[in-house]
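With the hints as your guide, set chain R onto chain E.
As they're listed, the protein sequences go chains E and R.
Each residue of the first sequence is one higher than the one before, starting from 59 at the first, in our numbering.
Each residue of the second sequence is one higher than the one before, starting from 37 at the first, in our numbering.
Source of the hints: derived by calculation from the structure; they are not laboratory data.
Predicted, not measured: the structure shown is a model, and the values here were computed from it.
Be aware that a few hints might be false.
To be verified - Among chain R residues calculated to face chain E with C-beta under 8 Å, some are:
(1) 37
(2) 68
(3) 70
(4) 79
(5) 87
(6) 90
(7) 125
(8) 131
(9) 135
(10) 136
(11) 137
(12) 139
(13) 140
(14) 142
Note that beta-carbon positions come from the ideal geometry of N, C-alpha and C, so glycine has one too.
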Amino acid sequence: AQTIHQWPVAEIKAVGSPLSLGCTIKGKSSPNLYWYWQATGGTLQQLFYSITVGQVESVVQLNLSASRPKDDQFILSTEKLLLSHSGFYLCAWSLSSNTGQLYFGEGSKLTVL
Amino acid sequence: GDSVTQTEGQVALSEEDFLTIHCNYSASGYPALFWYVQYPGEGPQFLFRASRDKEKGSSRGFEATYDKGTTSFHLRKASVQESDSAVYYCALGDNTGNYKYVFGAGTRLKVIA
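One chain only, chain E, in its complex shape (with noise of 0.2 Å):
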């Protein structure tokens, strides 16, 4: 069975500190990977998606940055944080179709203060 690991669980940080969140999904090969942004009580925002390691397509300008290290991995950081940048950051796989469903990680939780 597929299994997606999301890390950390949720974070405190200050306004213009770094941040890296991860993503590790078991049990599938190539998978295509996302991740979405949720401001509190808000929709879901696609950020970027991954088809294959090492390439990374970005859906939405907010001063972030993705990556796909390994097949199983994907990560997403930036160098200096923003308030806005608070919210629910939720990592997603689907099979290699583009129409096939996403299958959502538990999520990180990020607070910027």
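Only chain R this time, still in chain E's reference frame:
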């Protein structure tokens, strides 16, 4: 760009009431349509999917029918339970090869026992 509109921001029902959450979409081409459910502090869970006109998706007593003519995918359930209380998201998957999924604003369902 593609968009998904959920008419109801919040819905309050009593147990055994009939549920309808309206979802309309705007997209070029022929998108796949999805319903997801999200419980507090968790990532969204896939409910079901439909990918062609008149196709019905269903799961856990929920159902929706893809209607290309009215560009709709309304969620229905005949008899809700308190355990159905959650946020429901309608989403579309762009099938033009860009791996983008657009979510609606979400509908918060509260079912009172």
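How the hints compare with the structure:
1. 37: violated, 11 Å
2. 68: holds, 4 Å
3. 70: Because about 6 Å separates residue 70 of chain R from the closest Cβ in chain E, which is inside the 8 Å limit, the hint holds.
4. 79: Because about 3 Å separates residue 79 of chain R from the closest Cβ in chain E, which is inside the 8 Å limit, the hint holds.
5. 87: Cβ of residue 87 of chain R sits 7 Å from chain E, so the hint holds.
6. 90: violated, 17 Å
7. 125: holds, 7 Å
8. 131: OK, holds: residue 131 of chain R within 8 Å of chain E, min 5 Å.
9. 135: Holds, because the Cβ-Cβ distance from residue 135 of chain R to chain E comes to roughly 5 Å (cut-off 8 Å).
10. 136: holds, 6 Å
11. 137: Residue 137 of chain R check passes; min Cβ-Cβ to chain E is 6 Å, inside 8 Å.
12. 139: holds, 4 Å
13. 140: holds, 7 Å
14. 142: Holds, about 6 Å.
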